[in-house]
Each structure stands twice: as C-alpha cells, then as structure tokens.
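> Protein chains in written order, with the working numbering: chain A, 1 to 292; chain B, 1001 to 1292; chain C, 2001 to 2292; chain D, 3001 to 3292.
I should point out that these hints are in silico values taken from the structure, not numbers from a laboratory.
Beta carbons are placed, not taken as given, at the ideal position from N, Cα and C, and that holds for glycine.
Any given hint could turn out to be false.
Below, a list of computed lysine-lysine pairs in the DSS-like style, where the Cα atoms sit at most 30 Å apart [stated by the list, open to error]:
#1 D:Lys3024 with B:Lys1228
#2 C:Lys2256 with A:Lys266
#3 B:Lys1044 with A:Lys266
#4 B:Lys1266 with A:Lys195
#5 B:Lys1044 with D:Lys3256
#6 A:Lys256 with C:Lys2266
#7 D:Lys3039 with B:Lys1248
#8 B:Lys1023 with D:Lys3039
#9 D:Lys3228 with B:Lys1023
#10 B:Lys1024 with A:Lys195
#11 A:Lys39 with C:Lys2228
#12 A:Lys24 with C:Lys2195
#13 A:Lys228 with D:Lys3228
#14 B:Lys1228 with C:Lys2195
#15 D:Lys3195 with C:Lys2023
#16 C:Lys2228 with A:Lys223
#17 A:Lys4 with B:Lys1039
#18 D:Lys3228 with A:Lys195
#19 A:Lys23 with A:Lys4
#20 D:Lys3228 with B:Lys1039
#21 A:Lys39 with C:Lys2248
#22 C:Lys2044 with A:Lys256
#23 A:Lys77 with C:Lys2044
#24 A:Lys228 with C:Lys2228
#25 C:Lys2077 with C:Lys2039
Far from chain D, some chain C residues (derived; all Cβ distances over 12 Å) [claimed, not checked]:
#26 Gln2027
#27 Phe2082
#28 Lys2112
#29 Met2270
Some, not all, of what chain D presents toward chain C, calculated at C-beta under 10 Å [stated by the list, open to error]:
#30 Ala3125
#31 Leu3127
#32 Gln3182
Protein chains: 4
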Amino acid sequence: MLRKKFAIIGGDMRNVYLADLLKKDYQYVEIYGFEKSGKPWALKSSPLDFVLEGSRVVVGGIPLLSDNGFLNMPLAKEKLCFSEFLEKIPEGAHLIAGRLTQQVKEQLEQKKVRYTDLLDREEMAVLNAAATAEGAVGILLQEMPITLLGSRILIVGYGRIGKNLARLLHGFGAEVWAAARQYADIAWIEAHGYKPVPIHHLARFVSDMDAIVNTVPALVITKDILEKVRNDCFLLDLASAPGGIDFKAAEAIGLKVRWALSLPGKVAPMTAGDIIRRTIYNILEEEGGVLS
Amino acid sequence: MLRKKFAIIGGDMRNVYLADLLKKDYQYVEIYGFEKSGKPWALKSSPLDFVLEGSRVVVGGIPLLSDNGFLNMPLAKEKLCFSEFLEKIPEGAHLIAGRLTQQVKEQLEQKKVRYTDLLDREEMAVLNAAATAEGAVGILLQEMPITLLGSRILIVGYGRIGKNLARLLHGFGAEVWAAARQYADIAWIEAHGYKPVPIHHLARFVSDMDAIVNTVPALVITKDILEKVRNDCFLLDLASAPGGIDFKAAEAIGLKVRWALSLPGKVAPMTAGDIIRRTIYNILEEEGGVLS
Amino acid sequence: MLRKKFAIIGGDMRNVYLADLLKKDYQYVEIYGFEKSGKPWALKSSPLDFVLEGSRVVVGGIPLLSDNGFLNMPLAKEKLCFSEFLEKIPEGAHLIAGRLTQQVKEQLEQKKVRYTDLLDREEMAVLNAAATAEGAVGILLQEMPITLLGSRILIVGYGRIGKNLARLLHGFGAEVWAAARQYADIAWIEAHGYKPVPIHHLARFVSDMDAIVNTVPALVITKDILEKVRNDCFLLDLASAPGGIDFKAAEAIGLKVRWALSLPGKVAPMTAGDIIRRTIYNILEEEGGVLS
Amino acid sequence: MLRKKFAIIGGDMRNVYLADLLKKDYQYVEIYGFEKSGKPWALKSSPLDFVLEGSRVVVGGIPLLSDNGFLNMPLAKEKLCFSEFLEKIPEGAHLIAGRLTQQVKEQLEQKKVRYTDLLDREEMAVLNAAATAEGAVGILLQEMPITLLGSRILIVGYGRIGKNLARLLHGFGAEVWAAARQYADIAWIEAHGYKPVPIHHLARFVSDMDAIVNTVPALVITKDILEKVRNDCFLLDLASAPGGIDFKAAEAIGLKVRWALSLPGKVAPMTAGDIIRRTIYNILEEEGGVLS
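Work out the full structure: start from the sequences and follow the hints.
Structure representation (structure tokens):
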C-alpha cells in the first residue's frame, strides 16, 4: 500500500477521532481546525497551505459548510471561508465531506477536484443508524420512569433507524410496535417478531404506549394523534428537520417531548469517526486502488 | 364487508390451509382438486363449473401450471388442462396464483380476467423467508453433530432469507458470518452484530466453518472454494435452481450437502397458507375495496 | 378481597410510586413523610397517629432507618424517630421495610408486630437486578465513546445482575465476556453464548476490554489487575459497599471509574415501586389471605 | 502436563466422540466396546486387560450399567459383566460414569477405586440442558404446522431446560409463557421478558397455546388440564420418567404428544461428548493436578 496524504479540514469530534484512527492505520495525516478539541496534538494547526499541499484525500465536515458560507469548523479557533479553501486544494485531490451543494460541486469540478458526498453513502447511513439507535435507547433509559423491560413502545417508520431500534428494544424485553406504510415493511415487522401498525391507522394504536419514537422526516404525529396519547407517554423524535412530531401541539397538551439529532457524533464519536474512516476506504477502493 | 366468492383450484397443502382460513374469516369458498389432501371436507370436489361460476377471486397453485401444461394439482385425483380452466373462469374475476407465464397472461387478458402473480408480491416473499429460515434451522439441527450454540456458520447472501436465518442462528449462540457483495449489505451485517465477509473473499473464510448455508441463486460456492472447506462441514443450499453450490464437486470431495427447496410449504404449511391469505387480502385492498 | 389499610411511612420515590400504584389497585392507603416529593397529593401529611391507626400493613423505606436512628425519610420535611414510630404501630400490623436490624426486630416482636425484610425477598432481588442492568447499560451508553455494538465488555460475577446485564449487552451486539468462580456458572455463561473467564484468571483477560463491569461485593479488581487494563477502558462497579474495584489504585493509574449504587430507584422509580408492590402482595398471600 | 491413560469402556456415541476429542488433546486413550459405532478405528477392540492396565481414568457409560447388570455398551459386539470389569480396574484409578448405584460405589471403595457420578455434576447438567433445548426446538419445528414466529408456547417448569428453551423460542419470535411454582422463578420469567404462569393456575392458561412443553419430572399436566387444551396443540414432554404428562389421557382425547428423552446424545452427540470431556477435566482439576 502506497501511502497517500490525507488532509482533514474541520468538522466535529468525529473528524478528530478519524485523524487518530487513520494514523493508527499508518496513513500520513495532516489536520487543520481542531485547536479547541482538547487533544494535545491538535492544539496548534499547521498553516493551511502546508496541510493541503500534496494531499490526495481532503476530508471536510458533515456538512462541509456552515450556514454562513464558512467551512464547518466548530472546534477551530479561526474561521475559514470556502473560497480560500477551494483555492488551495490541489488539482486531482478527492474531497470527501457531507452535504455538498450544487454550487460547491460545480466549483470543485472547475478545479478538477473529485468529490464524494458522505451523505450519499448507504453503508455510512446504515452504520450510523446503529449508533443512532443506541443513542435513542440511552435517552429512553434516561427519560422514562419505568424499565424498558415490560414497556410498550411504538416506533414510527421502519427504515434503517427503526429496524435497529426495534431490535435493541426487543432485546430489553419491551413490547415493540412499529408503524410503516408499505405492505412489505409490515411483513418485515412481523418477520422480526414485532407488532405491525399500518401508518394510516396510527391514531388507533397510540393511546396504549409508554413511549413513541418517530423516525419519519415528515409530519406524521399530528395534533389529532397527540390528543390520543397518554399523558405520561414519552415522545422522542429522531427525524431530521422539520421532524415528525407537532412539537407545538405536544407542548400545549403538556406531553414530554424530545427531539434528538446527530446522535452518532454525540453518543459514540469514536465509532462515528471510524464509520467515516471505513467509508473513505470504500470510496477509495471503488476509485481503483488509491489505497492499494 | 360484502362477501365475494373464492374458488381455489389446485395447488398444494398451502391452498388446503388457505381454504380453511378463508372460511374462518367467513368468506364463501369453493375448492377443486384436493381429494387426496386427507381432509374429509375435500374428499369429493364439486364440478368445476359450479366451483368457478360467479367467483370473483380464483386462486391457483404456486406455480399455476405444472410442467406439462396441466394445472398444478398434486392433491387432485384427476388432471385439469389449462384451456378448460380458462374457458370456465368468469369474466371480471381476479386470478391469483404463482409464476404466470407471458402466454397465460395474454390469454387471461383476452378473457378480461385480471391476474396477480403471487411471486411478485414482496410481502409474501418476506414472510416466506421467515418460514424458510426456520426450515433451514430445522435441517441444521438435524444434520449437524454439534449444537448450534458455539458453532460457526457462514451464510452466503444477505437478502431476505439470509437476514432471517442470521438472526435465528445468533439467537442460538452460533457465531454467525455472512457474505455479501455490496458495501451497504456488509454494513447491515455489522450493524446486526455478525461477522462480515466480502463475497469475493469467500475462499479465505470457508475453512473454519461448521456449516455453510447458501442463499444466492447463482454458482458462488465453486469447486475451488469447496476444496478449502473442512471435511466435516455441512453444506446447505436454499437457493432456487440452479442453486449456488457445485453439487457434483461437493460429492466428489465427499462433503455432506443438502439442497432444500420450497421449505415454507413443507415445514409450516399452515403458516404458508396464512401468508397467501393475507397477501390476497392486500391485493384485493389495493384493487379498491373488493373486501370492504 | 377485603380492603386492608396500608400506611406508607417514608422511604424514597419508590414509595411515592408504591402509594400511587396501591391506590390504583383500590387499596386504602395513607402516607406520611413525602412533602418534598413534588406530588400535589403528598404536600401535606396527615398526623402520624391518624396514618398508622388501624393499619394492617405498614411500609417503611429501604433501609427502614437512616444512619442516625431516625426513620429513612429523605422526602419528608421533618424527622421521625424510631421510638415514636414503634409506639404508634398498631399491634397485629405487619411492617414491611428494608434492612431491619436485630434490635429493631426484637422491639417489633415485643410489640407483637410482624415484620418482613424486603431485602430477604428473592423475587424482589431478581426484578431489581433487571432494573439495575438497564441502569448499567444507560451508564455505559453515556460514558463510552464507542457503540456497544462491536465493543468487548467483561462482566465480573455471574449472579442476578451479571446474568441480566450480559443478556442486554449481547442484544446490542457487544462481545460479552463473563467471569465466575464455579464450574456451574462457567457452564451457564457458555450455555448463554458468552465467553467464560475463570475468575482466578481475570488478569489474563482484562487487557482487551472496552469496559469492565463488576458485580461482586468483594475486592476482585485489584491494583495488579488494574495495571493490565487498557487506559481507555471504562470501569463500572455495581457492587454494594465496599465495592469490588480498588478505586484508589484506579484513580492513581488514571482510569475512568464509576461506582453506581441503588440504580433501580434512580433509573426506574416507578418500576421499582411496582416491584415493592408486588413483593408486598406475595408476602401477604403467603401469610394467608390478608388480601383475599 | 503429564499424560495419563484414559480407558473408555462402553457407553453410546457420546463416548465415541469423547475418545476422539481426548486424542485431539494429545491424551493417551484406549477404548473398549465400540465395534458397531461405524468408526474404522473402533472396529476391533483390544483385550480388556490391555485397555484397563495402567489406566488412571476409566470412563463408563451414562448410565454405567444397563438393566440386566451388564455394562451399558450399546455399540459393543459382546456383553461385559460388571464383576469382570471391576476385577480389572487398577487400584487407584478414577471411574467416571453415570448413575452409579450404592452397591457399585461400595464395591469400588473396597477396590480402592475412586469414582465420580457424572449425573451429580452441575456444569454437565447445565451444558446438556442447552443441547436438550436445541433438540426440543428441532422437534417443535418438525411437528408444528405453523412457524415458531408468531406461535404461542407454554413451557412448564423454569429450571435449566426451561430457561434455555424459553430463550431459544423467544429468539424465533414466539410468544413464550412459562409456568413455575416459586415467586423467585416467576420473577426470573418476567425479568427475561416472558409471560409468567403460576403453576397452580396452569389450567387457566393452557387453552390458548400452540404447543406446551413440559420439563417437570412429576405429573403436572393431568387429565383435567389436558381437557382444556386446544385439539391442535402439540404436547412435548422432556422430563425423565415418569414424565409430566398424562399420556394415556392425552391419547384418549386425541392430542398429539411426544416424549423425548436423552436428547443431547441424539441430536448433538459430538457436543455431548465434548461436554463429558470438559466435565472430566474439571473433575481431575478439582482432584488436584492429575492433568497439570
């Protein structure tokens, strides 16, 4: 394996762990923008020119940019604007980061910089879903006054996160209900040994639950449904914006609700960093032997 | 619910159970071709004209036809040719059966008979996979001289059957390895807590296994791979023809191999009949309220 | 069922939930000493005389007494000394509480008050162990930077808590190791599908673990053993005083340690209250029909 | 490790596998009485004198004797009477076998032969229970016309076998009910996430079951209870003689019953042999270093 230079530019704690793990693989890694990470070796960044020069793989944050057009670098002491970053990436490098906008992609193409959006990688989504499900269990353990053993929990949506969460809760001895739209998903719910709920009949089933966990990124748990929920039922939303619960209505009714986002990086940052590492290796392998 | 007439024409024990279960749902059911099923109520069939007359749903076997052009009716005393059957199906009826050929479909269209191929129904495939996995466990329990607890088993392919089987074996305390091609499937294997094997590296992993179960319907377990297998390793193929194991090579080497097909109908005919029943209901509901 | 009067005198949130649950069973319940519980119905206690008068079952805290000889009433506004309490318990009542000292027992016998120590009840210990295991999982999820999926965790001791915790961790896809002394326990560890460690060989196995959870109430994880532990291994002690980890040595080495006690009342107070309720019913049923 | 001579005299296939496994551990092993085992190396036994001479560990069958006073040697061509065997065991040897009668023990003591009854070894019972549970699952898969997924199964008795079986069935997605007498066992049933049945209320619960598995070696499933069972419920008795089901009554009612004994040796003879091997090592280790 010929060693390639990796430049890691910003991102959160996941990228700090990523740097560590790549080094353990004997990769050549330079970092930029982690002065506030608490890691001694990141206290002082080398100049950006030095970090990027000759790098074949440039890793950014997830997302790559923060709202204001600067790079997403929550652990950096100073800001870095995208145009400066773009100018310094070497031609022929491969930028790997999250949520690349159309505009960013075009600018990269002009500079002959290849790119991959991590959020398009299915294997990353699957592994992150496992971490998200663990985070969700942690929240349920914290917020519910009863044990998961013997509790009755409804999961809305049976995609990657729903499947992983159902399995964990079943392992605790919870009675797991799962709601989905498609017949095939309903069949999977049954094949896995849980109780299926057709999502358009949600209202009929919510009143008996100790907790309801939403994973669908669309308003499915409306005011009408919330009004049927028991007042000591805990509501957890794992779906990205705008979420799937009518939070305003839930608060008006006096229900305990929590909206938890980006759990992998929060509850298992080292695993989350490792997931990025492995996804990067897959990307490079598909590209044909950058690693070999 | 307005009752519709169901005519069940042939098929195996699954359709016998199907008839029973539909009757328990208070449906009007007539049957044809189950004289040898051992059920008292099926000893004598009514004439085909009577059975089909006025029926809105006609259920055939899986597959609908046997090789020689007759209807697939293994439990019938007499044969029935497709042309006679076709002539008597009422216009406007819905034929639900398995593996409909292009020719059959065209003839049905000419007669204005709607049709659905059960083998195209994802929910049926999922639920049958759960039954198949149970059947596979039954065979492993029977054929292996060791307990599943503590055994090391490799599942080749991580589709519907592979996923279900892995879960069951894990529940026994087996060390489960699963081989797949796609990165996303490899990610699922890990997320589920099993050991992943890239399918193109199969040869490296087979030598340590107590059993190998194939689920891929293409020759993946070739002579080269078989030569690396331990001589007391049990090989089970669950894939439909042509199967995924080079059976000839396996026998030449002296390996214990078994090819098991159509397990749901064999190991759990009542559940298999129930799966058909529920799939039929889904089909009718999608059609818009035949049942409601 | 003839209703008997229950008097609940002090104890923590578990007894608050206990009062609630007994009322839901239509029992006659009076409480004393929960003014600071946050429950509206407990803001003001009736006089002790009234509460105890005519009561057939008197429930105290776990333990019954705090260190200084007063009743254990953490949620009360005022203290209550045992002699006053003793004076007012009606003859023929049954006192049910935790950790009754020999002296207390003798004084109760003199007053012809029956008593049962909840800590002697096996069913309560088993059910609490399930809650403790959930609490331990919550702590591991919080403290470890990696997912439980794929982690390697050693549980020291395979009693009630060890068994429950092993099962939960296995459900997450952790690689579970468990250490025990007896051959029979080692056999159970294997039968459950985990990896067994003879406890006298602990030192050989600790170096590979991501976390070690002790459940043995005796110093088993000594300085010698701690020195072999990886420096990012998380140590959790669930054993009652004096605990099983040499905390001083662990801190000197710089290991991350946590000692968590009385988890059921903290992580699942309602379930913990329900466990007390059911144990009380069992006690009364054994006594012969107080409830019937 | 100093090698000791092992003499294996009779017993079933488990002892054949035992011989094989001991040899793989580089032990010196002689065998007697396995001519009909189908193993080439056992076709011809050496003379008994040679086999026993100088042996330090003598392993017999489980039980040691068959009903008629001969050694239990189902795979031998010829019979061997106990007195001849006794005469030839060297003084100071250790006889390890199953179900030693008081008379046998006394005769061994006179000859200064130590002995251990394998049936007194808890670790062997635990590991065999795991194998028995797998065998029971195999029978249920074979005999029931429905999948275990979604079935409702009652296990009577929550000892070693009941616990193992419950866990396996739960892994299939069965709804598991378990009946026990003690409050503590009921608590374990709940802690494990199954539905508890007080054994004296058995009659109330049997009518809804798809299968009932008895593990209690005393008549608990009486005629009265059998009369409440659904007529398509499958009954399996795993308890040693006299069993726990009133077989006569069950047959009179027309219920499908099966009594399965000695499952480990039948369904997993190699594992069963390995369990004996490991138990022997434990015995020798306790004895103080015969192996070390």
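> Each of the hints needs a verdict: does it hold here or not?
Here is how each hint holds up against the structure:
Between Lys3024 of chain D and Lys1228 of chain B the CA atoms are separated by roughly 21 Å; this keeps the pair inside 30 Å, and the hint holds. A threshold of 30 Å between alpha carbons decides the hint, and for Lys2256 of chain C with Lys266 of chain A the separation of about 19 Å falls inside it, so the pair holds. Our distance criterion of 30 Å between C-alpha atoms is broken by Lys1044 of chain B and Lys266 of chain A, whose separation comes to about 68 Å. Only pairs whose Cα atoms come within 30 Å are accepted, and Lys1266 of chain B paired with Lys195 of chain A is accepted, the gap being roughly 26 Å.
For the proposed pair Lys1044 of chain B and Lys3256 of chain D, the alpha carbon gap of about 27 Å is at most 30 Å, so the pair holds. For a cut-off of 30 Å, the pair hint linking Lys256 of chain A to Lys2266 of chain C stands: about 19 Å separates their Cα positions. Taking the CA atoms of Lys3039 of chain D and Lys1248 of chain B, the gap is near 26 Å; set against the 30 Å cutoff, the hint holds. Straight-line distance between C-alpha atoms of Lys1023 of chain B and Lys3039 of chain D comes to about 55 Å, which puts the hinted pair past the 30 Å bound.
With a CA separation close to 24 Å, the supplied pair Lys3228 of chain D and Lys1023 of chain B stays within the 30 Å bound. For the suggested pair Lys1024 of chain B and Lys195 of chain A, the alpha carbons sit about 22 Å apart, so the restraint of at most 30 Å is met. Straight-line distance between C-alpha atoms of Lys39 of chain A and Lys2228 of chain C comes to about 24 Å, which keeps the hinted pair within the 30 Å bound. Between the alpha carbons of Lys24 of chain A and Lys2195 of chain C the distance comes to roughly 28 Å, so the proposed pair stays at or under 30 Å and holds.
The suggested pairing of Lys228 of chain A with Lys3228 of chain D is violated, with an alpha-carbon distance near 39 Å, which exceeds 30 Å. A threshold of 30 Å between alpha carbons decides the hint, and for Lys1228 of chain B with Lys2195 of chain C the separation of about 28 Å falls inside it, so the pair holds. Of the supplied pair hints, the one linking Lys3195 of chain D and Lys2023 of chain C holds, its CA atoms being roughly 25 Å apart against a limit of 30 Å. Restraint check for Lys2228 of chain C and Lys223 of chain A: the C-alpha separation of about 56 Å exceeds 30 Å, so the hint is violated.
Proximity of Lys4 of chain A to Lys1039 of chain B is assessed by CA-CA distance (about 72 Å); at most 30 Å being required, the pair is judged violated. For the hint linking Lys3228 of chain D to Lys195 of chain A, the alpha-carbon distance of about 28 Å falls within 30 Å, and the restraint holds. Distance check on the hinted pair: Lys23 of chain A and Lys4 of chain A sit about 12 Å apart at the alpha-carbon level, within 30 Å; holds. Taking the CA atoms of Lys3228 of chain D and Lys1039 of chain B, the gap is near 24 Å; set against the 30 Å cutoff, the hint holds.
Our distance criterion of 30 Å between C-alpha atoms is met by Lys39 of chain A and Lys2248 of chain C, whose separation comes to about 26 Å. Note on Lys2044 of chain C and Lys256 of chain A: the hinted pairing holds, with a Cα-Cα distance of about 27 Å set against a maximum of 30 Å. Only pairs whose Cα atoms come within 30 Å are accepted, and Lys77 of chain A paired with Lys2044 of chain C is rejected, the gap being roughly 55 Å. Proximity of Lys228 of chain A to Lys2228 of chain C is assessed by CA-CA distance (about 55 Å); at most 30 Å being required, the pair is judged violated.
Taking the CA atoms of Lys2077 of chain C and Lys2039 of chain C, the gap is near 14 Å; set against the 30 Å cutoff, the hint holds. At the 12 Å boundary, the C-beta of Gln2027 of chain C stays outside the reach of chain D, the nearest C-beta of that chain being 20 Å off. With a least CB separation of 29 Å from chain D, Phe2082 of chain C remains clear of the 12 Å interface cut-off, as annotated. With a least beta-carbon separation of about 26 Å from chain D, Lys2112 of chain C lies farther than 12 Å from that chain, consistent with its non-interface assignment.
Distance to chain D confirms Met2270 of chain C as a non-interface residue, since its nearest Cβ pair spans about 15 Å, more than 12 Å. At its closest, the beta carbon of Ala3125 of chain D sits 8 Å from a beta carbon of chain C; the interface hint therefore holds under the 10 Å criterion. For Leu3127 of chain D, the interface hint holds, since its Cβ comes within 10 Å of a Cβ in chain C; the closest pair sits about 5 Å apart. Proximity of Gln3182 of chain D to chain C holds as hinted, the smallest CB-CB distance being about 8 Å (cut-off 10 Å).
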